[in-house]
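J.: Read off the chains here:
There are 2 protein chains.
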Amino acid sequence: MTEAMPRQRKKILLVSAHPEPRSLNAALTTFAVERLRAAGHEVRVSDLYAMKWKAAVDADDFPDHVADERLDVLATQERATLAGRLSSDVAAEQEKVRWSDAVILQFPMWWFAMPAILKGWIDRVFSNGFAYGPAVPPPYSEGALGGRRALVSVTIGARESAFSERGVHGRLADVLHPVQHGLFWFTGMAPLEPFALYGAVGLPEQRFAVAKRAYGRRLDGLFTDEPVAFRSLIGDYDHDMRLLPGAEAPGASGLDLHVR
Amino acid sequence: MTEAMPRQRKKILLVSAHPEPRSLNAALTTFAVERLRAAGHEVRVSDLYAMKWKAAVDADDFPDHVADERLDVLATQERATLAGRLSSDVAAEQEKVRWSDAVILQFPMWWFAMPAILKGWIDRVFSNGFAYGPAVPPPYSEGALGGRRALVSVTIGARESAFSERGVHGRLADVLHPVQHGLFWFTGMAPLEPFALYGAVGLPEQRFAVAKRAYGRRLDGLFTDEPVAFRSLIGDYDHDMRLLPGAEAPGASGLDLHVR
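Residue numbers (this note's numbering), protein chains in the order written: chain A, 49 to 308; chain B, 49 to 308.
By construction, these hints were calculated from the structure, which means they are not laboratory data.
Just so you know, not all the hints are guaranteed correct.
In silico contact screen, one side only, chain A against chain B (beta carbon under 10 Å); selected entries [to be verified]:
hint, residue
1, K144
2, A164
3, P182
Dumping the calculated BS3-like pairs for lysine-lysine here, alpha-carbon to alpha-carbon at most 30 Å [unchecked claim]:
hint, chain 1, residue 1, chain 2, residue 2
4, A, K144, B, K260
5, A, K102, A, K59
6, B, K58, A, K102
All C-beta atoms, glycine included, are put in the ideal place defined by N, C-alpha and C.
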């Protein structure tokens, strides 16, 4: 009887990126924290604006970097990561990711992508040696962060039809491919279908109530919903990292090639 | 006789996003400036790291914003833009975009997207009232910035096959869709095919020389090469912003639906 099964206490990192504490994004963050805690989970929140998160990768990320030396970002990141010599703000976020069983990114879609401050969280925290690179398991399968689940919760000004199969902005799955496949799946995290709140500008209270119910169901399924079935690099692709001939699902094309 | 035609002097804004002045990206920026000036054009450079560009949209962008007021980013941006009351760093960049006949974005691909500092240039400079919104011409056709050309020049660590038609990372055109279609074409700019330098980590001098020749040809064609033929919102889409039935090119699917 599933009702009698003991709940599994999990650890969730929620990363939120909106400058206004009374925004819709902040409200969704608060809602998620309460919902997940009520289900018995542990939740930590990185509220990037409240933290005054530094967005740009630069030499200050690497305390050992010699001032006049050429900054090779990849090599310097790897050296600093493996030596445990990253700036303390980055190290603290890596510790949260390592601690987590799931990561949720909460953001408004700006220019068909995440806000700069959140991109800067990724650029700096998902460093060479931590999230990818020769020192960790290979991408697109086990990955450096394998065993974790990942969910995008995004607010979007446009209506849903504009992000539908034939919508002018492109399918939401395609627009978010750099995050779903390029960030989450690359690092071995299991990405769930994104939760999108469309028509988010001046959202009436009644529609927000409906949205919260829908988001609540997604949060309840964080560890049980089926993730997007992206393909494994090992087995499905050749040595040039191209999908093997005939491996695609019948009729699949575009970015759907990479879904089983 | 084309040889005898007087050259047209054009204005180009080059936006560059790498923390290291001796990087490959910096070298490509320098090369582009010299090539375009040698062709008789005017060039201005926004070197975002050198400018210490603030990446995150926040209340400081709006000098008239009252400290305790709820920050509605969209509405506040529009009001400040139309009143000419944006922070001076944003206003200066808008003036450069307005001045330009073409915009070039030079950046390393980090996590299948642009670095945070460049995303923050877009989030802050391409404001409501300047790049989109009810006060300017409609998107995906004339647009707020119509009449300009736009080029991405990107360095990529991976090899080209991984971004090819069946490559594991997705086609480069799909990965850059949020920029090519969502930023450039949305605002009415005519996007050229991106210039990509693959295998950019530890690039041997000889391969850099080859890359410069290829990039030089792209710069020479900045105002004559055929742009990507994205569809116009007016005529090709219905009122729900979905591509009209049967409008697609034969066999087109995925994001290619939006190319004529």
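J.: Hints first: check each against the structure and report whether it holds.
T.: Results of checking the hints against the structure:
Residue-level restraint check for A:K144 is violated (minimum Cβ-Cβ distance to chain B is 18 Å; threshold 10 Å). Hint on A:A164 holds. Least Cβ distance to chain B is approximately 3 Å, under the 10 Å limit. Given hint, A:P182 at the interface with chain B, is violated; its Cβ is 12 Å from that chain's nearest Cβ, farther than 10 Å. The hinted pair formed by A:K144 and B:K260 fails the criterion: a straight-line CA distance of about 42 Å is larger than 30 Å.
Between A:K102 and A:K59, the direct Cα distance comes to roughly 25 Å. Compliance with the 30 Å bound is thereby established for this hinted pair. Between B:K58 and A:K102 the CA atoms are separated by roughly 36 Å; this puts the pair beyond 30 Å, and the hint is violated.
In terms of the numbered hints stated before, the structure departs from hints 1, 3, 4 and 6, listed from lowest to highest.
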